[in-house]
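Here is how the chains run, residue by residue.
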Amino acid sequence: MLNIINKSPYAAPAFDSALKTAVGSILLIEDGVYAAARGGAAEARVKAAMGTLKFYALAQDLEARGIADRVIDGITTVDYAGFVDLVTEHKTSQSWL
Amino acid sequence: MAKQFMFVNRKAPYGTIYAWESLEVVLIAAAFDQDVSLAFLDDGVFQLKKGHATKGIGVKAFEKTWGALEDYDITKLYVDQESLAERGLTADDLAIPVEVLSRAEIGKLMEAQDVVLSF
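Quick note, the sequences are listed as chains Y and P, same order.
What the first sequence shows, in this note's numbering, is residues 1 to 97, in sequence order.
What the second sequence shows, in this note's numbering, is residues 1001 to 1119, in sequence order.
One chain only, chain Y, in its complex shape:
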């Protein structure tokens, strides 16, 4: 299933809760994209989860926050059309609000 995270991993427990629970794909949007940036404390958590989960991040939200140039290797960036594709490709979606 598609797991959508829109909260910063540094400010809310949603990111950790999702990673502990999710099967399938993770899509990082809005403040959730801070988890996709290299160099922060969240990087190790993302990398550890990459073995079992596929990671995506929304390009427009990365650009808005000035971190599009530091996306962790292995995370696929998608635009809004790609977001829609992910929703349709997965049978269900869970938003970790």
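Since the hints were derived computationally from the structure, they do not count as laboratory data.
Certain hints may be false.
Stated by the list, open to error - Which stretches of chain Y does chain P cover? Using the computed rule of at least three CB atoms under 8 angstroms from a CB of chain P, they are: (1) 5–15; (2) 47–55; (3) 60–67.
Stated by the list, open to error - Pair ranges (Cβ atoms, derived): (4) Asp1092(P) to Ala81(Y): 22 to 28 angstroms; (5) Met1110(P) to Ser93(Y): 38 to 44 angstroms; (6) Asp1073(P) to Lys91(Y): 38 to 44 angstroms; (7) Ala1112(P) to Lys91(Y): 53 to 59 angstroms; (8) Glu1070(P) to Asp85(Y): 28 to 34 angstroms; (9) Lys1055(P) to Asp85(Y): 39 to 45 angstroms; (10) Phe1032(P) to Lys91(Y): 26 to 32 angstroms; (11) Val1059(P) to Gly24(Y): 43 to 49 angstroms; (12) Met1(Y) to Thr1065(P): 38 to 44 angstroms; (13) Lys54(Y) to Glu1024(P): 50 to 56 angstroms; (14) Ile1028(P) to Ala48(Y): 42 to 48 angstroms; (15) Ser17(Y) to Met1110(P): 52 to 58 angstroms.
Note that the structure is predicted; figures quoted are calculated from it, not measured.
The C-beta atom is built at its ideal place from N, Cα and C for all residues, glycine as well.
With the hints as your guide, set chain P onto chain Y.
Relative to chain Y, chain P alone:
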């Protein structure tokens, strides 16, 4: 008489309206010639990250407004070192010059204020 106003910013930009609302009140306080300082802790440090390109999400970027703070005589910008480090950032990643301090130092500055506004 001017009072010491500190604005404590702890939220990332764009995801919520807090950061923008803070900036609005900062400019109002400065327009009333108050002694204004800004503290950035936790995800608030993300507000200052340089290179925001917000066209794709359809909102105004913060970067230009930070540059205008000096015109309002707002020069006291304090950033928590620990919050930067946890997020993989250094002062070089920020859009404007700031004073990087420890949490204890920021705590002391907060304690010394007449008014603290939390965002």
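Against the earlier hints, flag every one the structure doesn't satisfy and list their numbers going up.
Of the numbered hints, 2, 4, 6, 8, 9, 10, 11, 13 and 15 do not hold.
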